[in-house]
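There are 2 protein chains.
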Amino acid sequence: MNLDSIFYPKSIAIIGASTEVGHVGNDIVKNLISQGYEGKIFPVNPKASELYNLKCYPYVLAIKEKVDLAIIVVPSSIVPTVLETVAKKKIRGVIIISAGFKEVGNIDLENQVKKICQKNNIALVGPNCLGIINPEIKMNASFANIMPPNGNIAFISQSGALCTAILDYAQKLDIGFSKFVSVGNKALLSEADLFEYLANDKKTKVVAMYVEELTNAPAIIAAAKKLTHGKNPKPIIAIKSGRTSDGAHASASHTGALAGNDSAYQGLFSQSGIIRAEMISELFEYLRIFTHNKLPKGDRVAIVTNAGGPGVLTTDEVILSGLKMAKISKETENKLRKVLPAYANFHNPIDVLGDAKADRYKAAIDILEKDKNVDSILVVLTPQSMTEFDLTAKAIISAKKKSSKPIVASFIGGKLVEKSVKTLRASGVSTFSFPEEAAKALDALTHFANIRKDKYNTKFNIKNTNKQAADKYFIEAKKRGQTIFPEADALPILRDYGFPLLHSEVAKTAAEAKNIAHKIGKSVVLKIVSQNILHKTDAGGVILNVSPDDAGTKFTEMIKNIKQKFPLAKIDGVLVMEMVKEKGVEMILGSVKDSGLGNTIMVGLGGTYVEIFKDVTFGLAPLTAYDAQKMINKLKSKKILDGARGQAVMDTQALIDCLGRLSQLLIDFPNIKELDINPLLVLPKGQGVKVLDARIVIE
Amino acid sequence: MNLDSIFYPKSIAIIGASTEVGHVGNDIVKNLISQGYEGKIFPVNPKASELYNLKCYPYVLAIKEKVDLAIIVVPSSIVPTVLETVAKKKIRGVIIISAGFKEVGNIDLENQVKKICQKNNIALVGPNCLGIINPEIKMNASFANIMPPNGNIAFISQSGALCTAILDYAQKLDIGFSKFVSVGNKALLSEADLFEYLANDKKTKVVAMYVEELTNAPAIIAAAKKLTHGKNPKPIIAIKSGRTSDGAHASASHTGALAGNDSAYQGLFSQSGIIRAEMISELFEYLRIFTHNKLPKGDRVAIVTNAGGPGVLTTDEVILSGLKMAKISKETENKLRKVLPAYANFHNPIDVLGDAKADRYKAAIDILEKDKNVDSILVVLTPQSMTEFDLTAKAIISAKKKSSKPIVASFIGGKLVEKSVKTLRASGVSTFSFPEEAAKALDALTHFANIRKDKYNTKFNIKNTNKQAADKYFIEAKKRGQTIFPEADALPILRDYGFPLLHSEVAKTAAEAKNIAHKIGKSVVLKIVSQNILHKTDAGGVILNVSPDDAGTKFTEMIKNIKQKFPLAKIDGVLVMEMVKEKGVEMILGSVKDSGLGNTIMVGLGGTYVEIFKDVTFGLAPLTAYDAQKMINKLKSKKILDGARGQAVMDTQALIDCLGRLSQLLIDFPNIKELDINPLLVLPKGQGVKVLDARIVIE
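Listed in order, the protein sequences are those of chains H and E.
If you read the first sequence in my numbering, its first letter stands for residue 401, the second for the next number, and so on.
If you read the second sequence in my numbering, its first letter stands for residue 401, the second for the next number, and so on.
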């Protein structure tokens, strides 16, 4: 969708323009005029003839000239009527400022608005938003009365209130914007649509967003990739609220218990290459570094400091951020020895000593910049009696201008460093109050350079899935009204999708149990089959290591015990399953459906203590093979799969294959609400995996 | 030690006072005079007759009047000679600014200085320091030319360079100090001595420190408790550098591999009630909140906001910090409904809506302040068109003055909120740029209130330890030159300290093995005994579940295999050990000696994957029973001990008892360098624990 009618209109009609000062419909007209918009402005108000020296129109069709954008500020109930006239006038862009839609429960009204826009090919921002600002053409089409400087950051916010705070704060920091959008209820245009537009917007180099809720993960992932993996990479930095409010689902499955609402977002951001800022302050630090630096080639940082203590502190932060301290070359060291005093520290962090003037900083930075082992440089300065603040700042600025490596600074102090910090910022050197912030921001920059290397389109090659069979199975279950599929019912579905299962059959009688066990021909496990019993082990519904001869008596024993403990449970039999003798690692695969984003996928360390160690990662269907590998790489238990403490290397490839099968199953059946495969036993390399237990719930 | 001669001298001699502007010996005299010190100043310089209108003395004994404090700025080599004259002059306080001691390898020179001071009962700060500042009496006895405002924070810094940066930054934030000390090499006075002094210093309410290395953990813990648990609680906030530089010890023991240098400090801070700030910015945030607020009664926070988005963000931060969102009472809700508009949010976070003026904020804060379910209040403000910045600030100030609960604020924005933020700060309301910082600081404040409740003096009541026997055993080992004690050699020591062991004996022959196994009378474990084999299991030196009859043949088999694999290993026999059949939880107990702090103690989840999950906590000997319980409480695996997923509750009390025994062993034998008890099998409640394997290394 082309959004030029919204961001670059040549003429704007304000429908609901008010003559009353302080009202939103008045603020918008005032902001457009006073902040320098040079296009035509048409206030629409049937009760007034003039507003701020502009002619007022009684209705939109009374405007004879062409109108590109309509800003609607009328009460929500008449918005559909107004929109019909907007459509007639062939206006292509609309911003609805008015509230009173979905956010207060008026879902039908919002759908009506959406339909009119869709039918008439109108691009719609809002409703219930603050408006938009395009500093490039000095257009403030919002009721926030701040015009930010022209810059290269596009900001998308789901909170109007936060917009004003951000604009105010950014102004203080002299941070400029290319576009500023308050998206409101996102009836039509969502973040994904804006990503598509911004990918081709020459003025935008960085996209920042404040998010409360997103929908349609696949669309977001696809649109985000266009920004992050295009020819001109544009990072997306997001701050997401509600990290804790939802909490974990109240759920009987392990996956459900572990999957808070936020884990789906963690998965989404990781998969789509969106960088997450945990806090507002972090967001600004990231914006500072991204707007002024090229991407580093690697993660090796050199520190230049005039004080030992802060040098060590900075080293800590560099390493804790996930970056590496550069090991400078012998050649660099020799060069440094020629220009720095004998007591200086010639190993990273480079200490130019407390009496260093600008010349030492300059010499050290220039030498380090040429070292191939150095990917970026962090300059730390503390105020000492000999310190040359402004000259050091200038030395950094000139080094930065010549270099393609990120060079950032942290001048620690207050009044003494104030002026030089302003000089640095004005000349495009990212500057941070403390080295810890610089290190974090450098890490985000480096992280984005790595994201760019993602082989995100490495597709899965999944064979032997039988959608038709599973479909039939689900349809039959639907007929019975079945939505919960305990182990015995879940295994056939997994079989249809090619998951490696153990030999198992359900026995209804002791004799059947013995027969099946003999057919299996080795020790078996007996597991109770009942939709009413959730935790089989806790209920005494699992007996391990039963010899085929004992299977009958053990069957009778188990049934008797369970009937005693759970007299009301409906028992459908006992699952007789082959017993695995091979040693392996118990992992868990799972899925929970997120109301907004879709089907999440979880992988992690399984078994009984899965909820205690919480060593799990999340992704969203559909996964690529690359995504699956990345999810596993993030696990602590990856080391176990890789063969910790001299133990066998496990079949991680087979685990990845299962993630692909699970992803395919969820694409084919998005109505799967919860799914647990726990444990999934991963055997030594070449021996594959085995599903030991499973459970599925559909909507 | 009374340090009044240092902090409140009536007269100061500057030995090495220089007439050369820009030199340290000149700066100090200039700072003393120009920044308002009202006592007597005696510059000592044999080559000058006058300095800044003060008479110069050729040597210190030439001063006829009494001198309380000497500041020494002469070259390090003549410092001892100078100190002897200082002693003769009966000067009780000395600050040695001069460098050139331990920090450049001159350890003997530093020891000499230390001895002269000790012998003559001189309190010594330094050498190699910046000096000290006491704003109360306008004494700047340092070469940093900033005089901070008078305040209630005592700052102790191990880095001189950081001092100037901190002073400069604090000045910008209008943060005042009661004492400012650059401790340098700490030849005599250390942080512990300063804690003792500051505990009785009426001007000091908060102690902040920057630390690179500490020594003597017991002294620090004892002194810290005097500050934190005295009648007037004074929090200690520390920032510690070198969190990553040391890395984990290169070590063969699990404890060694897990115990980086920093873990000892984690243990120290936790045990002594010192609050750790991870970063400089955090330190300042903590200082802001501690200087202006009383301690909250609990951890329940109420948020008042004029915007939904920031309200949710703040809620996230409150919960992620470890605090709780207050559940406001029905009564409070009813009161709020009377004063706020119908669309407001009456549940925490309380949203007074975007058009709120100061009156709504005032009403909401006053009502919440009276709710018994609210322990502290966080006020969030974003700039909206109706917002009354200054009046809202005033409402908060007046509420804060009347209340004993912490009330803090975050006005998010830039220029629009600048003035009101200054007003808040000037009136003692802690104010933060973003709610996330406010939440973290509130958590630190609440954490300190909890520390105050620590029953830190709950002593262990350890019986049945036999120091004499262990002593004899170690002495004999020393005679043999033995420093490594593998399992078979370590178990007797643990037996002497009352650790519950399994029945075990070392067999030298197959026949002996069989005999011992029959004596044990049930299945046994065979384990190779060799100082050369570190990981017994990996080496094939462990056979589980051997019946007494098979013990002989399995013995022969193991010896043969090991000899093949490790032809050079000296094999001392095979340990035949009772096999435990009971199900329990495998934990690990351990210790590593830290060069500075002393003997650390570790507890955590044991077994093979201990280094993968790293679910361990650290403390320092001596532990109290309370410390031991606290260490266990921090473990994720605590949930397993408590009986996760319907499993048995384990004997945590027996585990705590073992921590006490370990602590006692380390107090009695501080030369124990490394110790691993892994696994320590914790059995169900009432059944105690069993040592399954152990290893000790002495210095």
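In short, the hints are calculated from the structure, not lab data.
Be a bit skeptical, because a hint or two may be false.
Treat identical chains as interchangeable: a pair holds within one or across any two.
[Said to hold, decoys possible] DSSO-like mimics (lysine-lysine), calculated; alpha carbons at most 30 angstroms apart, straight line:
{"no.": "1", "residue 1": "Lys853", "residue 2": "Lys1036"}
{"no.": "2", "residue 1": "Lys464", "residue 2": "Lys410"}
{"no.": "3", "residue 1": "Lys1090", "residue 2": "Lys1039"}
{"no.": "4", "residue 1": "Lys815", "residue 2": "Lys605"}
{"no.": "5", "residue 1": "Lys727", "residue 2": "Lys1014"}
{"no.": "6", "residue 1": "Lys981", "residue 2": "Lys936"}
{"no.": "7", "residue 1": "Lys697", "residue 2": "Lys762"}
{"no.": "8", "residue 1": "Lys447", "residue 2": "Lys727"}
{"no.": "9", "residue 1": "Lys872", "residue 2": "Lys738"}
{"no.": "10", "residue 1": "Lys983", "residue 2": "Lys965"}
{"no.": "11", "residue 1": "Lys1030", "residue 2": "Lys631"}
{"no.": "12", "residue 1": "Lys983", "residue 2": "Lys879"}
{"no.": "13", "residue 1": "Lys815", "residue 2": "Lys430"}
{"no.": "14", "residue 1": "Lys819", "residue 2": "Lys488"}
{"no.": "15", "residue 1": "Lys1036", "residue 2": "Lys464"}
{"no.": "16", "residue 1": "Lys963", "residue 2": "Lys572"}
{"no.": "17", "residue 1": "Lys815", "residue 2": "Lys697"}
{"no.": "18", "residue 1": "Lys1034", "residue 2": "Lys519"}
{"no.": "19", "residue 1": "Lys1036", "residue 2": "Lys738"}
{"no.": "20", "residue 1": "Lys727", "residue 2": "Lys502"}
{"no.": "21", "residue 1": "Lys1030", "residue 2": "Lys822"}
{"no.": "22", "residue 1": "Lys1030", "residue 2": "Lys1014"}
{"no.": "23", "residue 1": "Lys440", "residue 2": "Lys603"}
{"no.": "24", "residue 1": "Lys819", "residue 2": "Lys572"}
{"no.": "25", "residue 1": "Lys1039", "residue 2": "Lys965"}
{"no.": "26", "residue 1": "Lys819", "residue 2": "Lys430"}
{"no.": "27", "residue 1": "Lys1039", "residue 2": "Lys983"}
{"no.": "28", "residue 1": "Lys502", "residue 2": "Lys730"}
{"no.": "29", "residue 1": "Lys519", "residue 2": "Lys965"}
This one's a predicted model, so the numbers in the text were calculated from it and none came from an experiment.
(request) Any hints from earlier that this structure breaks? Give me their numbers in increasing order, please. (result) 8, 9, 12, 14, 15, 16, 17, 18, 19, 21 and 29
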